[in-house]
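**Student:** Take the working numbering: the last position of the sequence shown gets the number 236, and nothing is skipped along the way.
Hint data in this document are derived by calculation from the structure and do not stem from the laboratory. Hints are all accurate, no fakes.
Between beta-carbon pairs, the in silico distance windows are:
1. Tyr154 / Ile214: 57 to 63 Å
2. Leu143 / Val195: 40 to 46 Å
3. Asp177 / Leu213: 20 to 26 Å
4. Met233 / Ala136: 51 to 57 Å
5. Pro202 / Asp231: 30 to 36 Å
Glycine included, every Cβ here is placed at the ideal spot set by N, Cα and C.
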Amino acid sequence: MYVRIELKLKTRFPKLIIRQQMKKYIFVLNAIELLAQLMNGKRVKGVLYLDQNTGKLTFKAYHCQVRVRHKDCLVKKLPWGWVKESMQRVKVFGSFPKEYSTAQVMGLIEEHTKEAKNALIDRELDMMEFC
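Produce the complete structure using the sequences and hints provided.
**Tutor:** This is the structure we're talking about:
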């Protein structure tokens, strides 16, 4: 499918104010998908090249796939943070107020770690019950 496209080219050098306009007929691969994306107002990234076999200017769009990131599952909400489970990791977060002394914060960290360990043990026991 041939499409008439008006290209506006800018130079890479900002001091040079040279703007050229070209009007070319371009052979478009996968034209239906490309036109659907353009009609939705999306930008289409791809490569514009001169085909050696046909000698025609050809545009081939990249096939970019959006990665879907799964949300982390909350295992347990702790008083000073949380324990979450992702696809590859178990995450433990703790945030403690500055108004406590260093010794108190160290004690809170130990309690927080014990509660996180107990939450992981409970999760493991719950999984064993379902099997």
